[in-house]
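**Q** Residue strings, one per chain:
2 protein chains.
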Amino acid sequence: MNEFFSSELKKYQTLIEREINSFFMKKEKEFSLHSIESKKLVSDMNEFTLRPGKRIRPILVLMGFKALKGKVDSKVIKAACALELLQSYLLIHDDVMDESPTRRGKTAFHKIYEHKMKKNKFIKASRFGESNAIIAGDLMHSLAVEILLECGMEKELLFKAVKKLIEINKLTAVGQQLDLLLESKKDFTKKDVLKVQEYKTAKYTIEGPLQLGAILAGADETQLKQLSDYAVPIGIAFQIHDDILGVFGSKETGKSSSSDLTEGKKTLLILKALEKGNLKQKNALNAVLGNKEATENQLNEARKAILESKSLDYSVNLAFTLSMDSINALNKTSFNEEVKRFLNEMNSFLVSRST
Amino acid sequence: MNEFFSSELKKYQTLIEREINSFFMKKEKEFSLHSIESKKLVSDMNEFTLRPGKRIRPILVLMGFKALKGKVDSKVIKAACALELLQSYLLIHDDVMDESPTRRGKTAFHKIYEHKMKKNKFIKASRFGESNAIIAGDLMHSLAVEILLECGMEKELLFKAVKKLIEINKLTAVGQQLDLLLESKKDFTKKDVLKVQEYKTAKYTIEGPLQLGAILAGADETQLKQLSDYAVPIGIAFQIHDDILGVFGSKETGKSSSSDLTEGKKTLLILKALEKGNLKQKNALNAVLGNKEATENQLNEARKAILESKSLDYSVNLAFTLSMDSINALNKTSFNEEVKRFLNEMNSFLVSRST
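Line order of the protein sequences matches chains X and L.
Residue 40 in my numbering sits at position 25 of the first sequence, with consecutive numbering throughout.
Residue 306 in my numbering sits at position 291 of the second sequence, with consecutive numbering throughout.
Excised from the complex, chain X in its bound form (with noise of 0.2 Å):
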């Protein structure tokens, strides 16, 4: 990771956790007045959303303030704090709806209860943690939403900042459904797959974020169209190179993944290696796609028919030229230097990282 955008990420993230903090400060307090319960449910939903995490998309609120005002400030901060909102609701719901166990090295929301119902020998424990988790994701939005009304903004703008709030979570919950029905799909075509990632990926953790950002700062709408055009390429490239590490995970570490193999996720590298694959390329994939008990050997043999069927080739590919439009779209426009800056280098971070 460039120096540059580390530093600039650090002094960020440790803003925006701080202010995350003393809002949920104010809401246990807050909370304490109805019940201890729920007085103990949001400092749970606080240790949730403060584990560690880039706190990328609140990072980029900060970014798209910047582009055109210079600096920021406690008030776009505190505004920024509403997208990890989101984002930690959205965790709460999809660990729920993919009964993952754990989330950010942890234990996923869900089974926190879970796990405390059946000490207490309580028999319905599975369905219990699922219960209050939808219950804390429902919650943890409406903070959301708060946290930004509050932020001290004038009327005028957060108004306008609330709207594209609800237009994130609406083009979300557009990827969300995409991508729940790709799952069940025996056929996929690469405008599927690009189209889970514009709006899963790209719209709700680039492109929302920083428009969010800029209308906060009074943007109109070129500025807003030129923010798109950076974010929506690199958001499509950081999802292709996030797929390429779920199958052959980090060089440095020489860790790999499997699960994106084992579990059949429906990525562009193995949609293009199952097209321009010939047959016995073809069957060493399908040998492990969705296969739990696939072995270590037939695992490698599926890596190798990627690379060799040339998938691997198109994807980086792609991911680079997508890469590259996103950079040459910022380089037109006139954003502050510093966050033009930033957003070159986590645009090369984005597509070349390891981990």
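Among the hints, a few may not be true.
Identical copies carry no separate label here, and so any pair may be met within one copy or between two of them.
Mimicking SDA-like on lysine to any residue, the simulated pairs with C-alpha atoms at most 25 Å apart in a straight line are [what the hints assert, rightly or not]:
id, residue 1, residue 2
1, Lys307, Asn135
2, Lys325, Arg368
3, Lys307, Phe263
4, Lys281, Glu52
5, Lys136, Glu114
6, Lys90, Glu169
7, Lys139, Glu114
8, Lys175, Glu161
9, Lys139, Met112
10, Lys131, Leu196
11, Lys55, Leu197
12, Lys281, Asn135
13, Lys121, Thr370
14, Lys139, Leu289
If you are wondering where the hints come from, they were derived from the structure by calculation, not from laboratory data.
Predicted model, so just to flag it, every value in this text is computed and none were measured.
Since the structure of chain X is already known, use the hints to place chain L on it.
**A** Quick look at chain L alone, frame taken from chain X:
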């Protein structure tokens, strides 16, 4: 049902339902730009929301507004729909949590998609249905905020109204969490039960909507307190009456209900019978509570125990007293006379209805 109350109800139901339908029509168009699947999802959300219902929450928004302004207008009707969309999202999520197969006489939202996927021979149809319903609920939650923001009222008022909507959602989460915990508890007290009723019913169904409407009419703190003094007692009384119907069913139709008993629902009616009953009465109750195989004979013995232990009297009296408190509070106010008449008649209806 009193004629004035029922004709007012009908008049406003029509206005609310028309507005909800036209909002969803616009949303279908909007989502069709993203994917045909999300357009279909929005169309299913419309069908779900418009299934026959009393629309009591949006109508109470109108009453809160009219209490101060003397009339309603097209903007407040649009704003009021936010409460029906909030209700719709909560019902979708509730049915996932409770694993309920039906809602408003039709298939529960998660089951609609489960059935579709089963037809397609998708093996994880049940999980698919639940995931899709979690997403649809999250999307509906956003739409509830959106319809309020778009109602065309002055930004300063809307700002306060969105904060109120958030508060309603927060307090409902507190109530849902308490309810969930109550289900898992062996011991429960009157205080526990009344608190769930206060948060899940009184605040959510009566107080919140009335106050939100009043806020849109520019209410001050005194006026909001007056609405609360009417709303909370009748809200709790309504729930107590509902719990009576849940065991003794409709007097008119002679139809009786047993699910509250066989599911072991924690109601005041059951709590008091366990507290005041003699050993024989307690045994009769314990034989059916949470026992899905209880016979009709056993259920009748349990009902007799509730009657003979004077628990039914206790609940009926408490509901009556609360209903009177509510009426007295309202009559002291100088709200619009038509609204007072509507609310007083609603009050009687809520504690005397037989279905």
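**Q** If a hint holds in the structure, say so; if it does not, say that too.
**A** Against the structure, the hints:
no. : hint            : verdict
1   : Lys307 x Asn135 : between (33 Å within a copy, 23 Å between copies)
2   : Lys325 x Arg368 : within (21 Å within a copy, 71 Å between copies)
3   : Lys307 x Phe263 : within (17 Å within a copy, 52 Å between copies)
4   : Lys281 x Glu52  : between (40 Å within a copy, 18 Å between copies)
5   : Lys136 x Glu114 : both (21 Å within a copy, 21 Å between copies)
6   : Lys90 x Glu169  : both (10 Å within a copy, 23 Å between copies)
7   : Lys139 x Glu114 : both (16 Å within a copy, 12 Å between copies)
8   : Lys175 x Glu161 : both (14 Å within a copy, 11 Å between copies)
9   : Lys139 x Met112 : both (18 Å within a copy, 11 Å between copies)
10  : Lys131 x Leu196 : between (33 Å within a copy, 12 Å between copies)
11  : Lys55 x Leu197  : between (37 Å within a copy, 16 Å between copies)
12  : Lys281 x Asn135 : between (40 Å within a copy, 19 Å between copies)
13  : Lys121 x Thr370 : within (18 Å within a copy, 48 Å between copies)
14  : Lys139 x Leu289 : between (42 Å within a copy, 24 Å between copies)
Checked against the numbered hints above, the structure violates none of them.
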